[in-house]
Amino acid sequence: GGDEDVKKKGDKKANRFKPVVIHLGPFYLKKGETATHKITMPNYVGSVRTMIVASKDGAYGNAEKTTPVRKPLMMLATLPRVLGPGETLKLPINIFAMDKKVKNVKVTIQESSGLIDLGTTTQNLSFAKIGDKMATFNITVKKSIGVAKFKMIATGAGETASQEIEIQVRNPNPYVTEVQEKILQPDESWNPNFVAAGVKGTNTGTLEVSNIPPIDLGRRLNYLLRYPHGCVEQTTSSGFPQLYVSRLLDVDESTKARTERNIRATIKRLKKFQTSDGGLAYWPGDSESSDWGTNYAGHFLLEAKALGYTLPLNMEDRWVAYQKKRARQWTNDVDKGNYGSYYNRAWRLQQTQLDQAYRLYVLALSGNAELGAMNQLREINGMYHVAKWRLAGAYALAGKTEVAEELINGLDEKVEDYRALYYSYGSGTRDEAMILETLTQMKKMNKAGGVAKRIAERLSSGRWFSTQTVAFSLMAIGKFVGDNKIGEAFNFTYQIGNGKMVNAGSSKPMMQVDVPVDKMSNNTITTQNKSN
798 GGDEDVKKKG DKKANRFKPV VIHLGPFYLK KGETATHKIT MPNYVGSVRT
848 MIVASKDGAY GNAEKTTPVR KPLMMLATLP RVLGPGETLK LPINIFAMDK
898 KVKNVKVTIQ ESSGLIDLGT TTQNLSFAKI GDKMATFNIT VKKSIGVAKF
948 KMIATGAGET ASQEIEIQVR NPNPYVTEVQ EKILQPDESW NPNFVAAGVK
998 GTNTGTLEVS NIPPIDLGRR LNYLLRYPHG CVEQTTSSGF PQLYVSRLLD
1048 VDESTKARTE RNIRATIKRL KKFQTSDGGL AYWPGDSESS DWGTNYAGHF
1098 LLEAKALGYT LPLNMEDRWV AYQKKRARQW TNDVDKGNYG SYYNRAWRLQ
1148 QTQLDQAYRL YVLALSGNAE LGAMNQLREI NGMYHVAKWR LAGAYALAGK
1198 TEVAEELING LDEKVEDYRA LYYSYGSGTR DEAMILETLT QMKKMNKAGG
1248 VAKRIAERLS SGRWFSTQTV AFSLMAIGKF VGDNKIGEAF NFTYQIGNGK
1298 MVNAGSSKPM MQVDVPVDKM SNNTITTQNK SN
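Residue numbering for the sequence shown follows the numbering used here, starting at 798 and increasing by one per position.
Calculated directly from the structure, the hints in this document are not laboratory data. Some hints here could point you the wrong way.
[Stated by the list, open to error] Subject to a maximum C-alpha distance of 20 Å in a straight line, what follows is the list of computed SDA-like cross-link-like pairs (lysine to any residue): (1) K946 with G928; (2) K887 with K835; (3) K1240 with T1321; (4) K948 with P971; (5) K835 with G855; (6) K903 with G928.
[Unchecked claim] Estimated spans, in silico, between C-beta atoms of each pair: (7) P1081 with P823: 54 to 62 Å; (8) K1250 with W1080: 52 to 60 Å; (9) N1288 with V879: 25 to 33 Å; (10) T905 with F991: 37 to 45 Å; (11) N921 with K868: 44 to 52 Å; (12) N921 with M848: 36 to 44 Å; (13) K868 with T933: 54 to 62 Å; (14) Y857 with K940: 52 to 60 Å; (15) L1218 with T933: 44 to 52 Å; (16) Y1106 with E1050: 31 to 39 Å.
A virtual CB, placed ideally from N, CA and C, is assigned to each residue, including glycine.
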């Protein structure tokens, strides 16, 4: 999903229908008194209903009357609900001559936004008697988006009628992201040309410079950097990576304030998902807790708390009590429970083992390690290797590093690609991000580097990933480069179009520069690596 807090360019909406709503009063009348009130009727064709309500000492009365709105010269123009760039259409305007004196009428059309090409802007109509006629204008929409603003004027016999219409000009095509990338050696320059994709007015551009493998941070963050909404998984996914943005790149004060506001809003919204037993439901108001949602949301809440954010009163205590109870009740059985019978049994076993391992991990993260349940899971033969990685992280958090080392000894860091449409909504990349988190936590930096590189390559590939996969990936990479000070300070120069050469650099692994695509006449960017 994508949304309330972050709006795409061109999303300003047209105010298409302006109803006649006028409120007067209240007024006080003495017994037998009469009062008259005058109103100015806005430009309107049709009829209006006048309603009066009277009250005194708990007694009420009302009256209403429908009145046609009519004048000697009236007009009614018709346009579709939306327009698209490059479209052509005929604009019909009905002219009503309601008085015999109206013989000749001049009809004029104007458009003030600059989004529309008008051909003929004036037409003349003749009336031999009271009636209506139609004037038709040919219009063409330019290759831009926004809100078109039409004004139609009719004059004749000293009378004037006018109508204003706002209409959305939107591009019906999906958003497209194009990426060019290059590894620059010291003092090497790069001068790529680019063609702005899509329609003018919708284009944005970002120059992203980093000394770690590129992860297409700009696009991925735009996907998640938003006000929380949706189910427990979507809500958590929008908040999680925002905890680690500042570890990846320098952010301005407005972005910092927005992320902090979004994180607090995510915490507040997650409170609405908590059920009477302390777990979190998939949707607010549901009575049944979601096992994976409870793990995932709880993980976010604990990480947010560690960074100084305040959790709602008693929310963590109730969550811990629920998780401890579920951890102790768990069995390696998928013939019962919420795992979806349409997946094969082997897959369902993997999911329930990963679910329990994740539950034990977040309990250990909260300082409430369930060693008995951890040992029970550890004894299962043929345990899913991703669950082993997560369980190893739980042992490491509980101070049992020898057991953690034993669990991951010779364990594969790769996960076969998959995409689950049920239960955990996971993927191979999501699971590898979990593995990266454990490797970083256990200071296995060489192995962690290989996993981080694979995840980065996928993120920069342009592939679609679910919100949870993107969130886990950015979180794990944020921890990898932040907690372990991966990536030294770097310096570079850049020139956007015909602008000035700018010296830049950052002490963080990444830096982003906005590229004003719509304002550039020379679509080139020159970048030079000034680091050793």
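Hint check:
| no. | hint | result |
| --- | --- | --- |
| 1 | K946 with G928 | 28 Å, violated |
| 2 | K887 with K835 | 39 Å, violated |
| 3 | K1240 with T1321 | 42 Å, violated |
| 4 | K948 with P971 | 31 Å, violated |
| 5 | K835 with G855 | 28 Å, violated |
| 6 | K903 with G928 | 16 Å, holds |
| 7 | P1081 with P823: 54 to 62 Å | 40 Å, violated |
| 8 | K1250 with W1080: 52 to 60 Å | 37 Å, violated |
| 9 | N1288 with V879: 25 to 33 Å | 47 Å, violated |
| 10 | T905 with F991: 37 to 45 Å | 43 Å, holds |
| 11 | N921 with K868: 44 to 52 Å | 20 Å, violated |
| 12 | N921 with M848: 36 to 44 Å | 41 Å, holds |
| 13 | K868 with T933: 54 to 62 Å | 23 Å, violated |
| 14 | Y857 with K940: 52 to 60 Å | 58 Å, holds |
| 15 | L1218 with T933: 44 to 52 Å | 51 Å, holds |
| 16 | Y1106 with E1050: 31 to 39 Å | 18 Å, violated |
Violated hints, listed in ascending order, are 1, 2, 3, 4, 5, 7, 8, 9, 11, 13, 16; each of the other numbered hints is respected by the structure.
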